[in-house]
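J.: Go ahead and model the full structure; you've got the sequences and the hints to work with.
Chain by chain, the residues run as shown.
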Amino acid sequence: MKLRNDREHQQIATNELLRDDSKFASGKIAFFQYLMVAIFLFLITGFWDLQVRNPALYQERAMENSIKAIPVLAPRGKILDRDGRVIVDNHSSFTLYLSRENLKMEHLRPIAEGLNLDYDALVARVRRFKSRGEPQYHPIPIKEELTPAELAFVDSHKDENTFPELEVIHTQHRLYPRDGLAAHVIGYVGEVSESDLNTPEFARFHQGDIVGKDGIEREYNDVLTGTDGQRRVEVDSFGNERRVLSEDKESIPGRSLQLTIDLDLQAVAELTLENRRGAVVALDPRNGEVLAMVSRPAFDPNLFASRIRSKDWNDLVNNPAHPLMNRAIQAQQAPGSTFKPIMLLAGLETGAIDDSFHVNCPGGANFYGRFFKCWGKHGTVGIHEALVHSCDTFFYNVANRMDIDDIARYAEMVGYGHKTGIDLPHEAEGVVPSRKWKIRNFREKWYPGENISVGIGQGATTVTPLQMASAIGGIAVGGMWFQPHLIRDSVHLMPARRAEVNLDNIRKVKSGMYGVVNEGGTGVRAHIPGIDVCGKTGSAQLVSNDAIRAGFKQGKDMKDNAWFVGFAPCDAPEIVVATLFENGEHGQLAAPIVRDVIKAYFDKKARLAQPVPQIAALPPQILRPPAPVATPAVATATAGANP
Amino acid sequence: MAAYRSLRDLDWLMLFLVAALCGLGVLQIFSATYDTHYADAWWKQVIWIAAGFIAMWVATLIDYHTLLGQTPVLYILSVVTLIATYALGMSAFGSRRWIGTTSYHLQVSEFVKIVIVLLVARYVTELKTDQLQLSDLLKLGGLVGLPMVLVMLQPDLGTALTFLPALMAGVFLAGFRWQYAVAFFAIVAVVAPASYFFVLKDYQKARLISFIDPSQDPKGSGYQVIQSKIAVGSGALWGQGVTKGTQTQGRFLPVPHKDFIFSAFAEEHGFVGVIVALGMYFLLLMQIVENGQTAPDRAGMYVCLGIAAVLLFHVLVNVGMVVGRMPVTGIPLPLMSSGGSNIVAVFVMLGLVNNVRLRRFVN
Chain Z
0 MKLRNDREHQ
10 QIATNELLRD
20 DSKFASGKIA
30 FFQYLMVAIF
40 LFLITGFWDL
50 QVRNPALYQE
60 RAMENSIKAI
70 PVLAPRGKIL
80 DRDGRVIVDN
90 HSSFTLYLSR
100 ENLKMEHLRP
110 IAEGLNLDYD
120 ALVARVRRFK
130 SRGEPQYHPI
140 PIKEELTPAE
150 LAFVDSHKDE
160 NTFPELEVIH
170 TQHRLYPRDG
180 LAAHVIGYVG
190 EVSESDLNTP
200 EFARFHQGDI
210 VGKDGIEREY
220 NDVLTGTDGQ
230 RRVEVDSFGN
240 ERRVLSEDKE
250 SIPGRSLQLT
260 IDLDLQAVAE
270 LTLENRRGAV
280 VALDPRNGEV
290 LAMVSRPAFD
300 PNLFASRIRS
310 KDWNDLVNNP
320 AHPLMNRAIQ
330 AQQAPGSTFK
340 PIMLLAGLET
350 GAIDDSFHVN
360 CPGGANFYGR
370 FFKCWGKHGT
380 VGIHEALVHS
390 CDTFFYNVAN
400 RMDIDDIARY
410 AEMVGYGHKT
420 GIDLPHEAEG
430 VVPSRKWKIR
440 NFREKWYPGE
450 NISVGIGQGA
460 TTVTPLQMAS
470 AIGGIAVGGM
480 WFQPHLIRDS
490 VHLMPARRAE
500 VNLDNIRKVK
510 SGMYGVVNEG
520 GTGVRAHIPG
530 IDVCGKTGSA
540 QLVSNDAIRA
550 GFKQGKDMKD
560 NAWFVGFAPC
570 DAPEIVVATL
580 FENGEHGQLA
590 APIVRDVIKA
600 YFDKKARLAQ
610 PVPQIAALPP
620 QILRPPAPVA
630 TPAVATATAG
640 ANP
Chain W
0 MAAYRSLRDL
10 DWLMLFLVAA
20 LCGLGVLQIF
30 SATYDTHYAD
40 AWWKQVIWIA
50 AGFIAMWVAT
60 LIDYHTLLGQ
70 TPVLYILSVV
80 TLIATYALGM
90 SAFGSRRWIG
100 TTSYHLQVSE
110 FVKIVIVLLV
120 ARYVTELKTD
130 QLQLSDLLKL
140 GGLVGLPMVL
150 VMLQPDLGTA
160 LTFLPALMAG
170 VFLAGFRWQY
180 AVAFFAIVAV
190 VAPASYFFVL
200 KDYQKARLIS
210 FIDPSQDPKG
220 SGYQVIQSKI
230 AVGSGALWGQ
240 GVTKGTQTQG
250 RFLPVPHKDF
260 IFSAFAEEHG
270 FVGVIVALGM
280 YFLLLMQIVE
290 NGQTAPDRAG
300 MYVCLGIAAV
310 LLFHVLVNVG
320 MVVGRMPVTG
330 IPLPLMSSGG
340 SNIVAVFVML
350 GLVNNVRLRR
360 FVN
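From first to last, the protein sequence lines are chains Z and W. The first sequence runs 0 to 642 under numbering that gives the first Met the number 0. The second sequence runs 0 to 362 under numbering that gives the first Met the number 0.
I should point out that these hints are in silico values taken from the structure, not numbers from a laboratory. Note that beta-carbon positions come from the ideal geometry of N, C-alpha and C, so glycine has one too. Check before you lean on any hint, since a few could be wrong.
Said to hold, decoys possible - If you anchor each label on the Cβ, the simulated ranges turn out as follows:
no., chain 1, residue 1, chain 2, residue 2, range
1, W, Pro253, Z, Thr198, 45 to 55 Å
2, Z, Lys248, W, Leu160, 23 to 33 Å
3, W, Ile82, Z, Asn115, 32 to 42 Å
Said to hold, decoys possible - Straight-line Cα separation of at most 30 Å, BS3-like style, residue types lysine-lysine; simulated pairs:
no., chain 1, residue 1, chain 2, residue 2
4, W, Lys243, Z, Lys157
5, Z, Lys558, Z, Lys376
6, Z, Lys507, Z, Lys376
7, W, Lys138, Z, Lys103
8, Z, Lys103, W, Lys127
9, Z, Lys67, Z, Lys129
10, W, Lys243, Z, Lys67
11, W, Lys257, W, Lys200
12, Z, Lys212, Z, Lys310
13, Z, Lys77, Z, Lys248
14, W, Lys257, Z, Lys157
15, W, Lys43, Z, Lys67
16, W, Lys243, W, Lys43
17, Z, Lys27, W, Lys127
18, W, Lys204, Z, Lys157
19, W, Lys243, Z, Lys248
20, W, Lys138, Z, Lys27
T.: In structure tokens:
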């Protein structure tokens with residue numbers, strides 16, 4: 000030992016004190032080894048706890064970390080016109096969602112500031128989602144139609160450390176025609192409201208979903224709405240998609256709808272009504288198809304396509320002209336003289352009058368001790384002239400000879416007093432006065448004196464433009480009323496109602512209406528050369544003559560409503576058009592609107608009947624100009640050389 | 000001298016374990032980074048391992064007694080370099096741990112660690128008594144304390160703490176009066192709370208708090224621990240497979256190729272993989288201790304056990320952190336974590352162990 004020690008010392012000249020009895024600490028080394036065993040056991044139990052005892056817990060949390068369910072929004076179905084032309088389309092845009100799994104309330108303020116959103120509204124929105132108990136994976140849409148600048152903001156902030164809750168989803172937005180074309184027919188979409196969600200109609204939807212709120216969009220919401228899919232993706236901590244796990248629910252686009260609307264006719268109707276307050280309805284009386292439906296003033300449904308701003312909404316709701324109201328089915332106005340054809344039919348059918356019935360019109364007549372005025376002095380008039388010149392005195396007498404319930408029966412026969420059943424929400428039903436109606440509404444019995452004004456479409460009677468078009472159209476085709484509808488190939492139509500009326504009486508009514516337009520009657524402005532247009536004007540008073548006499552101040556809003564209803568051709572009607580021109584004073588002024596729509600209908604029909612010109616038949620030089628002409632530089636040079 | 004140094008005498012089991020662990024490390028670095036912009040980290044690691052083997056060979060050749068003889072020079076060099084690093088070192092990751100201007104930085108403190116091991120070994124070897132006197136303890140504590148403070152100032156608390164096991168191993172093996180231990184722990188009991196308030200930086204406090212209750216700050220410091228535990232747990236028994244770990248691949252794990260490499264490994268290889276890897280670490284450390292036991296002299300024994308203590312501390316703190324049983328300190332896992340300085344330093348230490356082993360059969 001000693002010897003080796005010395006030798007060792009020679010090797011390490013500087014360190015004489017190094018000792019070689021390395022075994023002196025073997026007990027302590029053993030302790031160190033036990034410590035090592037203990038430490039490794041300590042570490043292994045850590046892994047045992049996590050990996051063997053409850054790995055499921057951590058696997059689940061790993062899933063929560065990295066698996067995101069992203070809704071794949073199904074586009075709504077398109078809306079087409081009767082020729083297949085697109086009326087309502089979709090366009091792509093980006094919508095910002097807040098994913099609720101990792102949403103932090105304190106992030107809302109910077110997010111709202113970054114995207115120009117109202118902070119309080121955003122907070123309220125998030126709260127509302129929470130309170131409804133929507134599933135956690137259902138994200139909250141907070142901004143539609145992101146601009147490139149907003150997209151850039153989201154892109155640079157959606158990482159794990161800033162606002163991981165930001166999520167951009169590619170969506171399809173509704174694109175409506177401009178200038179409110181057919182706005183009332185189409186309606187609009189919007190986010191489903193809290194109260195809607197509680198109704199069975201919207202039971203299948205979730206908060207934040209876009210649903211049809213009015214018009215066709217609402218009526219056929221279930222058809223147009225697709226089924227949203229869901230994509231499960233794996234994301235990294237920055238929210239970037241790493242891979243699609245499964246297309247476990249594909250989105251099913253909504254079905255397209257083909258309307259009965261003819262865009263050409265619709266456009267003409269919109270143009271002719273101009274900015275006047277009123278409505279135009281064009282029907283095919285042979286099947287009830289609505290060819291055009293206009294209500295003015297209109298609104299721009301594109302305002303609703305994304306979330307409507309409250310200012311825009313307030314402007315629409317507070318506008319005294321009520322642009323959201325679809326006057327074609329909701330304006331309930333006295334029909335005025337347009338009621339006379341129905342009165343005439345009722346009189347003839349009930350036998351209250353016959354062909355030989357004549358009345359002398361000195362400008363009015365006395366009934367029940369009161370003088371009822373006619374708008375003119377017509378002398379002796381029969382049933383034909385009475386309609387042609389719209390003689391009030393004649394129809395006062397007819398009404399006086401009839402029972403109110405008989406009048407009501409015929410008014411209801413043509414469709415007044417109840418909804419036509421058109422496939423649009425919120426249709427009004429109008430009023431047909433009768434004994435029962437008076438008892439029910441006024442707890443009073445009917446006085447025969449009240450018959451008189453009913454005879455000229457005044458009094459309590461009110462109708463909608465759609466009802467009028469349908470009623471007159473049904474008479475025009477011989478007493479058959481089809482349910483007006485907007486969808487081609489609709490399967491939910493009620494069967495046509497056929498009335499037991501004498502066709503001869505109908506012919507007499509139609510003959511009168513032909514005279515209105517073609518024999519110097521009140522509706523000559525609806526005359527179209529070459530086409531047998533029949534029609535009837537109406538000027539419905541909003542204030543009784545008594546009130547005017549009593550000094551009622553006549554403002555513009557109290558001017559008479561102008562009606563015109565017309566159909567063509569007289570013998571085999573293909574189109575019936577009703578126009579309401581609110582405060583338009585006289586039905587004569589409404590007649591040109593109907594004329595223009597009917598003319599457009601027959602012009603188009605004639606155009607389609609002509610052979611299509613062949614492009615190939617054009618001479619080739621029209622398609623491609625000859626070479627010398629195409630090189631003017633050469634031509635100029637030549638000209639210069641030969642002055 | 001060359002006569003008793005033959006290749007046959009090298010610790011081949013240890014070398015095999017080293018190679019195997021390095022291989023697992025490279026595989027895991029590849030898996031954790033192959034689709035990130037650190038994608039070249041795995042072959043850089045291969046180069047570092049190659050450099051490490053060369054450094055190991057050099058460390059094996061130079062007689063450890065010579066190295067021990069040069070300890071004062073190495074120590075002074077270390078302190079000067081640390082001061083220089085502190086003065087003009089560049090900032091990387093908010094701390095001045097690196098020196099150098101190229102993309103390959105040198106982390107000085109990793110190599111100072113080796114010097115500390117040698118320093119402690121030499122100091123306790125040269126003792127004339129069987130127990131450390133108080134003056135010895137204070138002197139040795141001061142010698143180790145100076146570079147520790149310098150490293151702490153960088154600031155790199157984790158690496159500074161790795162100097163402690165070298166010191167403690169030496170003191171423990173050399174022997175000391177138990178009263179000193181009592182006094183030491185009493186001082187620690189006073190100083191630790193005080194240093195919490197006056198010495199520790201805010202982020203270090205946050206790490207300590209989040210160690211005690213990670214859920215207090217799930218997106219801050221606690222985030223790393225929570226994500227690491229999720230990764231480990233979701234690995235379950237058999238693991239999710241190489242490049243398949245959702246936590247690793249989704250980059251929910253912080254630095255999955257460096258400090259949290261074992262977390263990524265546990266996720267992708269499961270409990271079985273963990274047992275294999277930890278088993279190899281255990282065998283490696285046992286092998287180092289055994290080489291210490293068979294060392295020809297006390298100096299060799301102190302060197303081997305000092306190295307074993309340092310590596311054990313590394314494994315304990317790093318792997319303990321991965322399962323949430325140790326605070327986040329940012330010290331790498333030897334042989335597996337990506338990073339040149341640490342790899343080379345560890346290989347040098349293992350070279351020293353071989354160095355001692357080769358010289359056990361004097362005569």
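J.: Check the structure against each numbered hint from earlier and tell me which ones fail, lowest number first.
T.: 2, 3, 7, 8 and 15
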